[in-house]
Amino acid sequence: MIKGVIFDVGGVLLRTHDQSGRRKWETRLGLEEGGLAYLVFDSELGRQAQLGQAFLDEVWAWVGLHLGLSPADLATLKHDFWSGDRLDQALCDYIRGLRPHYRTAMLSNNWDRDGRAMAHELGIADCFDVFVTSAEIGVMKPDPRIYQVALERLGLSAPEAIFVDDFVQNVEAARRLGMGALHFVDPGQARDQLDEWLNR
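Here the sequence shown is numbered in numbering that gives the first Met the number 0, starting from 0 and rising by one per residue.
A hint or two may mislead.
[What the hints assert, rightly or not] Here are the computed distance ranges between Cβ atoms for each label pair:
1. Glu31 - His182: 22 to 32 Å
2. Gly122 - Arg22: 19 to 29 Å
3. Leu64 - Arg199: 46 to 56 Å
4. Gly83 - Leu50: 22 to 32 Å
5. Glu57 - His100: 35 to 45 Å
6. Gly29 - Gly187: 13 to 23 Å
Hints are computed from structural coordinates only; laboratory data are not their basis.
Heads up, the beta-carbon is just placed ideally off N, CA and C, and yes, glycines get one too.
Model the full assembly from the supplied sequences, consistent with the hints where possible.
Here's what the structure looks like:
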């Protein structure tokens, strides 16, 4: 019996709807498409930050140095980098509607070491019972240990939980643990599949 649902944040609740700000800088700097996101998220320092081994300010300072940007240009790049991100309010309302019938958790590969504070900043803290970020515990999805932390905090076994994420490898890792897992493609698809799973 399903008793809880675990949601990723980036790419699910918070999605980049407009890439033009990033593309502008990639063109200017001679980077391939997606090159900026790689530097911020998937470079060695970016991954260290998501593991709690570095801070976001250090990542941006390194990006600026790596790209030869002035402080003013780096500040503009940072603004443009995030400018296309939008929080899906309708999907957040859907999650609020799951409570209190189901326990809910936020599970994010993220450099915020306090998931609850991050959720408060986004205005979604009331969506969740439990908050888990990779920087807090030093482990990133798809490592099974991060899912186990979320399950332990929810007080659930793997078969009692559904996990929602936009990365296939993270979904497959949850399935290997025995969790129900849903690959997020778009909000309508996710809600329909969850409703079917939960018999809503």
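Please list, smallest to largest, the hint numbers that this structure does not respect.
Number 6 only.
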